[in-house]
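*Asks:* Sequence:
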Amino acid sequence: MVIIVDEKLMINHHQDKKLANVTVTGEIRFSPQELYQMNRSEKRLFKLKCELWGQDMIAKDKLYTFNPLKYYPSVSQNISETFTFKEILSEGVLDEDLGKNEVYAKLILTNLSTGNQVVDKTNTVSLGKSKEYAKLILTNLSTGILYCVAHFINHFLYI
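In terms of this note's numbering, the sequence shown opens at residue 11 and continues consecutively.
The hints are simulated quantities; they were obtained by calculation from the structure and are not laboratory data. Treat the hints loosely; a few may be bogus.
In silico SDA-like pairs for lysine to any residue, Cα to Cα no more than 25 angstroms straight-line [to be verified]:
(1) 116 / 44
(2) 96 / 43
(3) 131 / 55
(4) 57 / 45
(5) 28 / 91
(6) 18 / 91
(7) 72 / 17
(8) 53 / 43
(9) 80 / 93
(10) 57 / 73
(11) 57 / 131
Between beta-carbon pairs, the in silico distance windows are [claimed, not checked]:
(12) 75 / 52: 23 to 29 angstroms
(13) 72 / 29: 19 to 25 angstroms
(14) 86 / 18: 33 to 39 angstroms
(15) 51 / 20: 32 to 38 angstroms
These figures come from a predicted structure and were not determined experimentally. Even for Gly, the Cβ is constructed at its ideal location relative to N, Cα and C.
Whole structure, please, built from the sequences with the hints as guidance.
*Replies:* Now the structure itself:
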């Protein structure tokens, strides 16, 4: 059975440009039977999709899907194939919650003839927010709370 190994997510965050250079790498290892099928077939038998997900305590958020997808066999049919997905994204794409952002890549390898899927995930990368961002969030939150309290008090004074 086909497996995904050595999967890794790397994010180089450029805070001054508000960009992130995101790279996902790994290797697909095919079984001898799958390699035999690929050698006998003229069409591509496997599709690899890579998605970025936010790791939250409550919910998981899909943040991004890499394009194009990868199809196998490629030009040559090998027992193993390395892959790389690479993209430059705005930091807003990776912003999945108010605190630190924890991001991982989900890899979905689909056998196009059977529909069977192998799903794997990479390491999780933490991206911190700047102190200025945290101050801005707290200021807005405080202002909102004060407004609600003032509105509540004002409402009951007129009853």
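*Asks:* Each hint should be assessed against the structure and marked as holding or not.
*Replies:* We went through each hint and held it up to the structure:
no.: 1; hint: 116 / 44; verdict: holds (23 angstroms)
no.: 2; hint: 96 / 43; verdict: violated (30 angstroms)
no.: 3; hint: 131 / 55; verdict: holds (21 angstroms)
no.: 4; hint: 57 / 45; verdict: holds (15 angstroms)
no.: 5; hint: 28 / 91; verdict: violated (33 angstroms)
no.: 6; hint: 18 / 91; verdict: holds (15 angstroms)
no.: 7; hint: 72 / 17; verdict: holds (18 angstroms)
no.: 8; hint: 53 / 43; verdict: holds (16 angstroms)
no.: 9; hint: 80 / 93; verdict: holds (8 angstroms)
no.: 10; hint: 57 / 73; verdict: holds (20 angstroms)
no.: 11; hint: 57 / 131; verdict: holds (16 angstroms)
no.: 12; hint: 75 / 52: 23 to 29 angstroms; verdict: holds (28 angstroms)
no.: 13; hint: 72 / 29: 19 to 25 angstroms; verdict: holds (20 angstroms)
no.: 14; hint: 86 / 18: 33 to 39 angstroms; verdict: violated (24 angstroms)
no.: 15; hint: 51 / 20: 32 to 38 angstroms; verdict: holds (34 angstroms)
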